[in-house]
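**Q** Listed here are the chains, written in short residue letters.
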Amino acid sequence: TAADEQIAYRLKWLINASTAGDVVAEAEGLFAAEGLQVAILPGGPERDAIREVELGRAHFGVASADQVIRGLAKGAPIVVVAQLFQVNPLNWIYRPEQTTISSGDDLRGKVIGVTYGGNDETILRTLLQRHHIGEEEVQLFSVRHDYTPFYQKKVDLWPLYRNAQGVIIGEKLRAAGEAFAFFNPDQAGVRFVANSVITSAKLLAEKPELVQRFTTALRRGWQLAMAPEHAERTAELIHRFDRETPLPLIREQLALTRELVAHPSPADIGRIDLVAWQETEAIMLEQKQIDRPVDIATALHPLAE
Amino acid sequence: MDEGERPRAAITIDNLHFSYPGAGRPLFANLSLHLPAGGFHALFGPSGIGKSTLARILAGLTACSGRRSTAGPVLYTYNTERLPGWLTIGEHLRQVAAAPAATTTLATLEDRFGIDHCLNRRFGQLSLGQQNRVNLIRYLLQDFQTLIMDESLANVDEGTRERIIITLKEHYPDRSFLYISHNVLEVARFCRQIILLREAAKEPQIVAIEGLDATAGHPVSQTRLERTVLEILHAG
Amino acid sequence: MDEGERPRAAITIDNLHFSYPGAGRPLFANLSLHLPAGGFHALFGPSGIGKSTLARILAGLTACSGRRSTAGPVLYTYNTERLPGWLTIGEHLRQVAAAPAATTTLATLEDRFGIDHCLNRRFGQLSLGQQNRVNLIRYLLQDFQTLIMDESLANVDEGTRERIIITLKEHYPDRSFLYISHNVLEVARFCRQIILLREAAKEPQIVAIEGLDATAGHPVSQTRLERTVLEILHAG
Amino acid sequence: MLANRLLQFLLLYFLAIGGLLAMKYLLGLSDYVIPGVAAMATAFTEMAAIYLGDLLDSLRVALLGHALSLLLAAGVGILASRSTALGSLIRAAAYTVQTYPIVAVAPIIFILLGDGLASRLLITILVCYFPLLLTTISVLTEPVADIEHFFISTGRNRWSLQVAIRLYENMGKLITVVAGSATLAMVGTIVAEFVAADAGIGFSIRKALYQSDLAHILVALFLVGIWTSIYLGVLETAGALIEKKWRNPAGGG
Amino acid sequence: MLANRLLQFLLLYFLAIGGLLAMKYLLGLSDYVIPGVAAMATAFTEMAAIYLGDLLDSLRVALLGHALSLLLAAGVGILASRSTALGSLIRAAAYTVQTYPIVAVAPIIFILLGDGLASRLLITILVCYFPLLLTTISVLTEPVADIEHFFISTGRNRWSLQVAIRLYENMGKLITVVAGSATLAMVGTIVAEFVAADAGIGFSIRKALYQSDLAHILVALFLVGIWTSIYLGVLETAGALIEKKWRNPAGGG
Ligand SMILES: Nc1ncnc2c1ncn2[C@@H]1O[C@H](COP(=O)(O)OP(=O)(O)OP(=O)(O)O)[C@@H](O)[C@H]1O
Ligand SMILES: Nc1ncnc2c1ncn2[C@@H]1O[C@H](COP(=O)(O)OP(=O)(O)OP(=O)(O)O)[C@@H](O)[C@H]1O
Ligand SMILES: [Mg+2]
Ligand SMILES: [Mg+2]
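Residue numbers (the working numbering), protein chains in the order written: chain A, 1 to 305; chain B, 1 to 236; chain C, 1 to 236; chain D, 1 to 253; chain E, 1 to 253.
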């Protein structure tokens, strides 16, 4: 209806299985049910939801925890209203026939792909530090858009999102008859929060109920998207935007996403994990990614339903 | 190069020294020249002697070390000039015809110069002699006191050339023309003063010879013509 | 345009029809021309009549509908040609001198044409008449049977021009030259045959007049010269 | 001209594909490094129609961006070729802006222009205008003495006239460069879509790249090549017609 | 010329910074969106030396890439301007390659050339050569009738001679474009480092971009601008000297 409020929602990345809940909330009318007309804007490396939210170009956005903490350190007036991933999907893929990684210690001596400036760099450096591995004991490889160096076996471990590219690259390796595995930093003791939903402090102060309605609709969207009985429909909805990925792969991606989002149970969808955020902040301080504490708890606004 | 007291000559130049950079000997050494005010005059001399260079200096286009003064605007035109390609000859001429009066002049000139049938063609579609004539006409439509014509009719046939010269003398009795041409007969017959340019080694470098200044009403006798021609050839 | 039985003429053209695209009337209508083999001949006519066009057709540079045959290579040169800028005149001439024999010819020509002191300059640093002469010289060093000179000496003074023409006739007695010039006296005096080009409406469009073919040893009398000039002017 | 361009493109494309396949089989590279013939065929049948739609979307932007680049290059070139302090500053600005890689300035562009067509067009233009600008400046700073002399002597040398003379005299060169820059408009659009858009073939290439799908990329490159050849061919034909109409053969010597 | 270029760049750069700061303080934006003066100053003192090292690394590649681009453009341009089938095909190939955004062809480049300097150089060249090529082709396909007539008539019109004549007659234009393309070499290098390298100023910009660190990006852009201005200024001065030495003033009318 005309009374619907127009909302711009900037994603961090392209629409794919990692944005299942966002798509479902929109397509199944959950936003509309809250009186919101939401435009979902795909993101990309040159996009920055924090900037857009501060500038008022977007009302809500998705940003990774390191982006949020960095923004806060520079005075960006933003707040976190939901955390989408309970487990960080960032993993390193490797070929077990060639590389054995059973613990963080095994990283020693490996050629490891890293996106310089990305959160995988921070995570990796923390891992190395925790396992007392010096810079000179590994070989870091600057990662770019394409996987050729990994394909050509020049790099042992390559960072990717377990639930998204992990499935696609895995499929290719499987088709070629090659075995593959993932190294998950979470298991090696580094907890680093991934994507979360942000808005501006101003919007939260001025229209708390609007923020509430948005968050509610979004959480319902994610709950619906993650529900196994809705999986087929969710996959179809995503496929409308993500035509390049075949449906079977999207289904597989969804199943993996469910493990990371509805963790440990569907009730946890959207939950802001304060401890994990504090650990993330501690890591960033330790890695000198920020020059002062931001007291992250003050920026987290879990909204009760 | 100051415009001091108003000179009686159209262009005066004194004490001119000039050499091209890198050239051994100077082209002009202490040269002085007074182009009379009014009349059709010639600058004459063998190829390579420096006529074009001197003409450009007289027109103020080439910097030099001499004292130069002029009476009124001096224009310099040369035979390899071109017109913009996107207009027809007629359009171009109408555009550059300075005053309203020039429009009627234009019509007369087009007719007398024999280019009236080329007017809706482009410059590139003209023969060389037609190009010469079209280029000259547009200069005649401008505001000038002195016009220097550097081989401006070099590619025009003799008949047309004579008709053009006579037309110029009739229509522009008060202006000064300095005509550069390699045709000694023509120069002797039609010019009032023939300024003969000689090598820098000769003293004076410039010799002025009286021409016969023929007009339509006053043709000249064959003997007088021959005498003048001989005078020019001997002086050179 | 076939090279049938070996023609006695240097160039023969029959039944030539030609008009420029977009032009109303044809420039040439059923024109035929036989350029005699050997000798210094002229193509003469008022500006804009079609000399350059015909010259290019004779040289095979412009396609046409007539029958054309030639005896030996025909070259066409015109007065606004330029030389490459990165060589001096001397270097360029030495480079294009075809045979070893041409080197001695070159030295003679440089001297007779009066350009020997320009040899270490670039083309852009020459006067117009010097440019004309340098350009002509390099064509003379080539392998040709017929050379068409389209106003090739238009910017050279008369004295030098006569010396050049006489040199050509002495040095190349067996070749054919077709000389385009607007100087009727010169053409009458030095050419063997004067091919007069007239309007397409006139029949025939081409009239051949006998010239006086003067050489250094055989100057011509004033009366014969005047008669020939008159003949040319009347025939036009 | 057009048919020629297309044929040449096809020849080159299949030569390149042949080269890749030869490499694949000679070096024994697996399907994920270089896809096999079957994978390529599948990719083609699956994606061609979809990518064609994307491409047409991009072409719209490329055409518009190309046109605007021409205007910009002409405008800036004309201003920059004036020997005034302002002209010199404009020229410096045009060069400086060009020095910066789009990817580095993209965030600033988005801050200033937001999403949508404006940003996409601006990026297309930034990629496409510079070669046009260089040509314009190079043409406009070189006098055509034998035409300009008259206008200078008679005090008529308005600046617009000088521009007209120099552009007209170099029309052949300009047409070559204008037509050639069509390919730059295309690449500019794709780059813009890569960093900015949520539509167009550049966006699709990006998605394929993130999925490391060389077969899809090859399909996209095929379509891009075909259409650029067509666009280029059309421009070249048009350019030849313009030159023929505007410039008449020079008169006899 | 050189001092001028630098002054102009500084003027433009500080104008742009001023604009950003004005926006920041007028809209009350945080340091994250637009860094404040203090943050910029800190970034400068912290990063200038580091970035200067990166930049010099990039400059090396840019210089080499520029030189190779000139060679490539000349070579391809000369071949492509021949009106043979091969010339036409080479031209089509040069245009087609240009159509493809570097990012899309990057995987293929890496497969073919591996990492390291070769890929970086190739990408620099791909970005830089095309405007040079267009100019070369446009110059080489336009006859200079009044010079070439003699050589054609006398059967001397070797192809190399024709190339020499046309290049020489258009030297002024070529110098403008060659000097101007220096900025393209710089941008090409940065793009290459962006997609390919783990060194150079482009790589540093990418890292700063990932962290949304505009202050660092501005420092990098400052250095890039300074050095490109210097490079450009040097080339322009050299070009002016060459022109003066090679081309003599034309003779009288
Ligand atoms: N740019 C130049 N550099 C050096 N010398 C030059 C230059 N231009 C002309 N010259 C020389 O200066 C002399 C005079 O040249 P100028 O063109 O004035 O002669 P001119 O009398 O007009 O000859 P013409 O009748 O052949 O046109 C010539 O010997 C010529 O070679
Ligand atoms: N490209 C062209 N298109 C149309 N008409 C042309 C073209 N070139 C020349 N003409 C016309 O054809 C006629 C013959 O031209 P041409 O150049 O052959 O004359 P010409 O006898 O050499 O004259 P001149 O003595 O002035 O050089 C002229 O009237 C000219 O205007
Ligand atoms: Mg002269
Ligand atoms: Mg002619």
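Keep in mind that the hints were calculated from the coordinates and are not lab data. Treat the hints loosely; a few may be bogus.
Calculated cross-link-like contacts (lysine-lysine; reagent style BS3-like; alpha-carbon spacing at most 30 Å) [what the hints assert, rightly or not]:
#1 LYS153(A) / LYS24(D)
#2 LYS24(E) / LYS154(A)
#3 LYS202(A) / LYS288(A)
#4 LYS24(E) / LYS245(E)
#5 LYS202(A) / LYS244(E)
#6 LYS24(D) / LYS154(A)
#7 LYS288(A) / LYS24(E)
#8 LYS153(A) / LYS207(E)
#9 LYS207(A) / LYS24(E)
#10 LYS288(A) / LYS244(E)
Some chain B residues near chain C, calculated using beta-carbon distances under 8 Å [to be verified]:
#11 SER52
#12 GLY124
#13 SER127
#14 GLU151
#15 ALA154
#16 GLU158
#17 THR160
#18 ASP213
#19 THR215
#20 ALA216
#21 GLY217
#22 VAL220
Glycine residues also receive a C-beta, built at the ideal position from the N, C-alpha and C atoms.
**Q** If a hint holds in the structure, say so; if it doesn't, say that too.
**A** How the hints compare with the structure:
1. LYS153(A) / LYS24(D): Since the Cα atoms of LYS153(A) and LYS24(D) sit roughly 15 Å apart, the hinted pair holds (cutoff 30 Å).
2. LYS24(E) / LYS154(A): Violated: LYS24(E) and LYS154(A) sit about 45 Å apart, past 30 Å.
3. LYS202(A) / LYS288(A): 29 Å, holds
4. LYS24(E) / LYS245(E): It is violated: about 51 Å lies between the C-alpha atoms, which goes past 30 Å.
5. LYS202(A) / LYS244(E): Answer violated: LYS202(A) to LYS244(E) is near 64 Å, above 30 Å.
6. LYS24(D) / LYS154(A): Roughly 17 Å separates the two Cα atoms, so the pair holds.
7. LYS288(A) / LYS24(E): Given that 30 Å is the threshold and the Cα spacing comes to 26 Å, the pair holds.
8. LYS153(A) / LYS207(E): 25 Å, holds
9. LYS207(A) / LYS24(E): 25 Å, holds
10. LYS288(A) / LYS244(E): 56 Å, violated
11. SER52: 6 Å, holds
12. GLY124: 11 Å, violated
13. SER127: 5 Å, holds
14. GLU151: 6 Å, holds
15. ALA154: Since chain C brings a Cβ to about 5 Å from ALA154(B), closer than 8 Å, the hint holds.
16. GLU158: At 6 Å from the nearest chain C Cβ, GLU158(B) passes the 8 Å test, so the hint holds.
17. THR160: 6 Å, holds
18. ASP213: This hint is violated: ASP213(B) lies away from chain C, its Cβ roughly 21 Å from the closest one there, beyond 8 Å.
19. THR215: 21 Å, violated
20. ALA216: Result: violated, 18 Å to nearest chain C Cβ.
21. GLY217: 22 Å, violated
22. VAL220: Constraint on VAL220(B) not satisfied, violated at 16 Å.
In summary, the structure is inconsistent with hints 2, 4, 5, 10, 12, 18, 19, 20, 21 and 22 from the numbered list given earlier, while agreeing with the others.
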